[in-house]
Amino acid sequence: MADVMEPRSIEDREERITEIDARVAELDEEFANSRMDDEARDEWNRLNAERDEHESTVAELKRRKERLRKLSGVPGATERASTEPPTFVRKRGEEIYDLTRIRAEARSEDDHRDQLHDNAKRAIERAAFPGPAGSRAKVAEHVEQLLERVDDKHGTLAKRILATGNPVYDRAFGKIVLGGQHMLSSEESRAAMQVGTDTEGGFAVPFQLDPTVILTSDGSVSPLRQISRVEQITSKTWQGVTSSGITVSRSAEEDEADDNGFTIAQPEVTPTRVIADVRFSVELDQDWPQLRSEISRLLADAKSEEEDTAFVTGDGTGNNPSGVVATLAASSEVAASTSFASDDLYALEEALPPRFRGRARFLANKSVYNAVRQLGSATDGGDLWVRLAAGQPPELIGYPAHEASAMSSDTATAGSRYLLFGDFSQFLIVDRLGMTVEVNPHIVGTNGRWTGQRAVVAVWRNSSKILVDNAFRVLEASV
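Position 41, counted from 1, in the sequence shown is what numbering that gives the first Met the number 0 calls 40; the numbers after and before it change by one each time, with no gaps.
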C-alpha cells in the first residue's frame, strides 16, 4: 500500500519476506504453465524487488549487530536499545485474519482453501455491518453464500474478507478516509501492507462496507437487481451457456429419433470500471465509528444511482454495459398504436413467445403506468390493474409491474421504447467483487478555495447483457 510505514526491525522485514513468499507462490500457481497477464507480472516484479531489498537490508543489519558484538567484547551485545514502541503484539482472536499463518499451517492447497473459508466465516460472524440490526443476519448469510458459490480455487474472496475484515485494517481505512494516513500505527501499517493496493493504487474497502459484497436495502437497491439474473465473480470475465430452446419429440419403439439438434451460445461478459466521486462534509469527519455507516450508505447510493440508468440505457459500446432496453434487438419491437391504448398491452403480451410468459414482467417509467391507469374506463380496459398486498408490485394484466425511472416516459415520439415486457432471468448483471477508493482530503470550489468537504473516489466493476433477445418484447411508439 502506498505511503505505509516502513518496517523498522529485522523481525518486521523477515515477516514481510514470508508474506511476499506466500503471495509469489500463489501467483506462480495461478499462472502455472501459462504466461502472466500484465497486472500479475507487475505485481510479481514489484514483490520480488521489495523482497530483494528487505533481504539485503536484513543481511546488513545482522552484520552490523555481529560487528558491534565483537567490538564490545561482550557476548550477545547489540546496538543500543530502540526507543520505538513494540512493533506488533498479536491480540487473542486476531490470528483468524493472519493470511501468512494460514498459509504456513496448511497441509495442501485444498486444506489452505478450507482454512481460508473457515476463518472467513468466523470473520463474518464477528463483523459489524451497517444498517438496521434486523438486517445483519441476512447480510451475513448473503456473504457466506458468496463464499460457497462464487469463490475460486485460490480462495480469493475469502482472502479479501479476512484482509479487509481485520479490525486493525478497518481502523487504518478509517484514518485513510479521514485524511490521517500519516498517523497509521505500526500495527495498522502492517495490516494495510497485507491488503495491498490495486493496480491503480486504490485502498480496498472493508468488506463490511462494500456494496459489491454485502446486501444493501434488503437487496432491493435496483429494481433490475430484484428481477434479473445476477452473478458475482472474482475473475475478470463471466462465461456462460445459453440456448434459444430445446426441441423435444416422441418416437415409436425401435424407430430412429427425430433430429432434435439445437444451438448453444457461449456469451461472455467482462465487467468494466465504474467511478464515483462520493463527497461528505468535514462536519461528519469527526469520528470514524460514526462516519462508518454514513460512508457505506454513500457508496451504496452512488452505485445504485449509476446502475439504475446504465442497466437500462447502456448502449454496449466501449465501457458501457448493454442495457436491457437500449440494446434489445429490433426483432423484439412491437409497434404501438398512434394513441396509446389498452390494446397495445395485449398486443405486447401476445407477441412474447409462450415459453417466456410464465416468468414475464413489465418494466416502465412511472408516467407510463399513470397513463395506463387513465385507460381504466368501462370501454377501455377497466380491469387492467390488480393490487397486491404490501411489499409486492402491482399486477398489470396479470403480470408483475416494476418501475424504472430510466425508462422513457415518451409514448408519442416515433421510435421511443417505453414499455418492456419479458423474462428478466434472460437479462444478466455481472459484478466483480471488490470496491476500492482513492482519497481526496480537500475539495476546492471554482475559486480554488476549500469547500469544507472531503471525497472518496470509489472504483468498482460491473456490466450487463441480454442473454436471449427473444425473451423480451418492447412497445415502441409509432409514427
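Just so you know, the hints here were simulated from the structure itself, not pulled from any lab data. Some hints could be false.
[What the hints assert, rightly or not] Below are the BS3-like pairs computed for lysine-lysine, each with C-alpha atoms no more than 25 Å apart in a straight line: (1) 152 <-> 174; (2) 152 <-> 61; (3) 69 <-> 120.
[Unchecked claim] Cβ-Cβ distance ranges computed for the label pairs, FRET-style: (4) 292 <-> 451: 15 to 23 Å; (5) 9 <-> 45: 19 to 27 Å; (6) 456 <-> 117: 29 to 37 Å; (7) 477 <-> 366: 49 to 57 Å.
Cβ coordinates follow ideal geometry from the N, Cα and C atoms, glycine included.
Which numbered hints does this structure break? Violated hints: 1, 2, 3, 7; rest satisfied.
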